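Participant: Each chain, written out:
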Amino acid sequence: MGQLKSLRTIVMFVFVVLYWVAFPLYFRNSNYHLGVVITASILSCISLGVWLTFSIGRINIGQGAFAAIGGYTTAILTMKLGASFWLCLPLSGIVSAFVGLLIGIPILRLKGVYFAMITLCMTEAVTLVFLNAEKLTQGASGIMNIPRPGALTIGTITIIPAYQAGHYLYFYYLAAFLLLLVLIGLWRLNVSRIGWIFRALRQSDTLALSIGINVVKYRLIAYGICCFIGGIGGSLFTVSMQNIFPTSFRVTDSMYFMLYCFLGGLDYLLGPVAGAFLLTGSFEALRVVQKYQEGIYACLMIALMLWLPNGILSLRFRKRALGKELKPEG
Amino acid sequence: MALLEVRDLTKHFGGLAAVDGLDFDVPEGEILALIGPNGAGKSTVFNLITSYLKPTRGTITFLGKNMTHLGMHEVARKGIVRTFQETNLFREMTSLQNVILAHHLRCRASDWGHFFYSRRARKDEAEFRESAGAILDYLGLSPYRDELVRNLPHGHQRALEVALGMATHPKLLLLDEPFTGMNPEETDTAIEMVKGIRNRGVTIILVEHDMRAVMGISDRIVVINFGKKIAEGKPKEIQHNEAVIEAYLGKEEDGET
Chain A
1 MGQLKSLRTI
11 VMFVFVVLYW
21 VAFPLYFRNS
31 NYHLGVVITA
41 SILSCISLGV
51 WLTFSIGRIN
61 IGQGAFAAIG
71 GYTTAILTMK
81 LGASFWLCLP
91 LSGIVSAFVG
101 LLIGIPILRL
111 KGVYFAMITL
121 CMTEAVTLVF
131 LNAEKLTQGA
141 SGIMNIPRPG
151 ALTIGTITII
161 PAYQAGHYLY
171 FYYLAAFLLL
181 LVLIGLWRLN
191 VSRIGWIFRA
201 LRQSDTLALS
211 IGINVVKYRL
221 IAYGICCFIG
231 GIGGSLFTVS
241 MQNIFPTSFR
251 VTDSMYFMLY
261 CFLGGLDYLL
271 GPVAGAFLLT
281 GSFEALRVVQ
291 KYQEGIYACL
301 MIALMLWLPN
311 GILSLRFRKR
321 ALGKELKPEG
Chain B
1 MALLEVRDLT
11 KHFGGLAAVD
21 GLDFDVPEGE
31 ILALIGPNGA
41 GKSTVFNLIT
51 SYLKPTRGTI
61 TFLGKNMTHL
71 GMHEVARKGI
81 VRTFQETNLF
91 REMTSLQNVI
101 LAHHLRCRAS
111 DWGHFFYSRR
121 ARKDEAEFRE
131 SAGAILDYLG
141 LSPYRDELVR
151 NLPHGHQRAL
161 EVALGMATHP
171 KLLLLDEPFT
181 GMNPEETDTA
191 IEMVKGIRNR
201 GVTIILVEHD
211 MRAVMGISDR
221 IVVINFGKKI
231 AEGKPKEIQH
241 NEAVIEAYLG
251 KEEDGET
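Line by line, the protein sequences give chains A and B. Number 299 in our numbering belongs to position 299 of the first sequence; there are no gaps in the numbering. Number 196 in our numbering belongs to position 196 of the second sequence; there are no gaps in the numbering.
It should be emphasised that the hints constitute simulated quantities derived from the structure, not laboratory data. If you're wondering where the values come from, they're calculated on a predicted model, not measured in any experiment. All C-beta atoms in this analysis are idealised placements derived from N, C-alpha and C, irrespective of residue type, glycine included. Wrong hints could be hidden among the right ones.
Chain B is nowhere near these chain A residues, computed Cβ spacing over 10 angstroms in every case [unchecked claim]:
1) L25
2) L189
3) I211
Covered stretches of chain B, as calculated for chain A (at least 3 residues, CB under 8 angstroms) [as the list claims (entries may be wrong)]:
4) 112 to 123
5) 219 to 231
Kindly generate the complete structure, drawing on both the sequences and the hints.
Facilitator: Shown next as structure tokens:
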């Protein structure tokens, strides 16, 4: 067990060095390669929200809606009011979380396929709202030429410098840093008592109620955090692309967020990250098959359910999957 | 004043009155058994007392306060906790984790405190761990503390449900068929445990079909049939009550109790 653990630490360390140092240094002039990893990082963030709703036992196919809400919040605020990106980023998360909580109050009572269906419809509904609210969103033509982030200064000290044209490395580290923050936050949540309560809700909400857990409150906390993460992910995505359309986050994107979780493994916090990187990376590498992407995703999903229901991370840690639950946190 | 006062409790499911004008009191420190033929409405009474269902009519007063408008977790916070007829546990966690979670009402740290692992949160966790260990000890479950609940035999799972109930420090514990599926020796041990819990100052209401257990354990018995109370009294009185005998034996095919 000890050996396995140290091996795992080494593997993790290698990945961290690759991600934070080796890759960006080697590809520092290739906007294409950096772009792929930026996309994968942001998609990982957004999927981590979906992973959290899985942990309370809800299948969430609505994360695209909240990424879109976050994206449009940033786009509209920066374009119409000239607000700074650094203000818009958290604000987008808050707006998404607020909308999520409003919708969550009625729909979180639903379970299983019913919750999945409602959230699926929500993505479509939000797309339609942005398509038709032309005054604010310019409808189907979308919002373009969204300004890049300026400098973040407190007093006279510049904490984060302004973006300079052509420097993709800037967004690379921005996305990497955001992913790190989200991961640390969720890891803390996951090992704390709150994470245990989330898992308790998944296993039996009637028992949770009867031992005095305010089930509605904790469900809303989980869903609110999920939507918050979706919102900031959408915001960063929008600014790195410099544009947003009603079709930027479609139902299929919501499906992908869920697929990343399935692919990586629902029992592992790093599951959605592994899933997002693997899929985005492999599809960039296999550009020839890209037009069959949706078909391949569908087959992949079926294959996963049949042969690898606990995700790819369960291959490496198959023995540990149980151990994690067995070992009390402390 | 009784700990729990139930007055005119009525619950209609469509046209069916599952519970119909039920009145009874539970004084502090008593073990009260609620019995009756299958479908008499016993579990519905439990669901009403714990606010899992809302009554059509009537009141439930606990420590002088009306409980009927509260949510289920709020009722638990006031001190009424139940176990379920169908085994209901967090199956993918260990026994110890189950009992630690059940200490939820005794958390002093806030959610933020737990998130940042504040000093108070650490103290909470250490305290719960110790208390959970003691409860498992008391119920003879210590050897299985790190075992996943889904791997436990049925009898231990039932005992663990009682452990979860105890962990919440209830004033009133509702046990729904706690002795089901136990052999006579296991039942006798379980009876002693339930009595022990009462001696720690917990009032108990239980629904049970095992008449030997009911007669051995309860101070008082309330018998219901078709949602109405048909008898109430000490075990001796109930055994010889005409209405009760008729309810149980008077009709054909009622013998499964």
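Participant: Any Cβ of chain B at or closer than 10 angstroms to L25 (chain A), or is the non-interface label fine?
Facilitator: Non-interface label stands for L25 (chain A): nearest chain B Cβ at 35 angstroms, farther than 10 angstroms.
Participant: L189 (chain A): least C-beta distance to chain B exceeds 10 angstroms?
Facilitator: Given a closest Cβ separation of 6 angstroms, the condition is violated.
Participant: Since I211 (chain A) was said not to touch the interface, does its Cβ keep a gap of more than 10 angstroms from each Cβ of chain B?
Facilitator: 5 angstroms, violated
Participant: The region 219 to 231 of chain B covered by chain A? Criterion: 3 or more residues, Cβ-Cβ distance below 8 angstroms.
Facilitator: Our answer is that it is violated, as 0 residues pass the Cβ test (under 8 angstroms) against chain A, missing three.
Participant: Count the residues of the region 112 to 123 of chain B with a beta-carbon closer than 8 angstroms to any beta-carbon of chain A: does the count reach three?
Facilitator: The restraint on the region 112 to 123 of chain B holds, since 5 of its residues have a Cβ under 8 angstroms from chain A and three suffice.
Taken one by one, the earlier hints fail for this structure at numbers 2, 3, 5, listed in ascending order.
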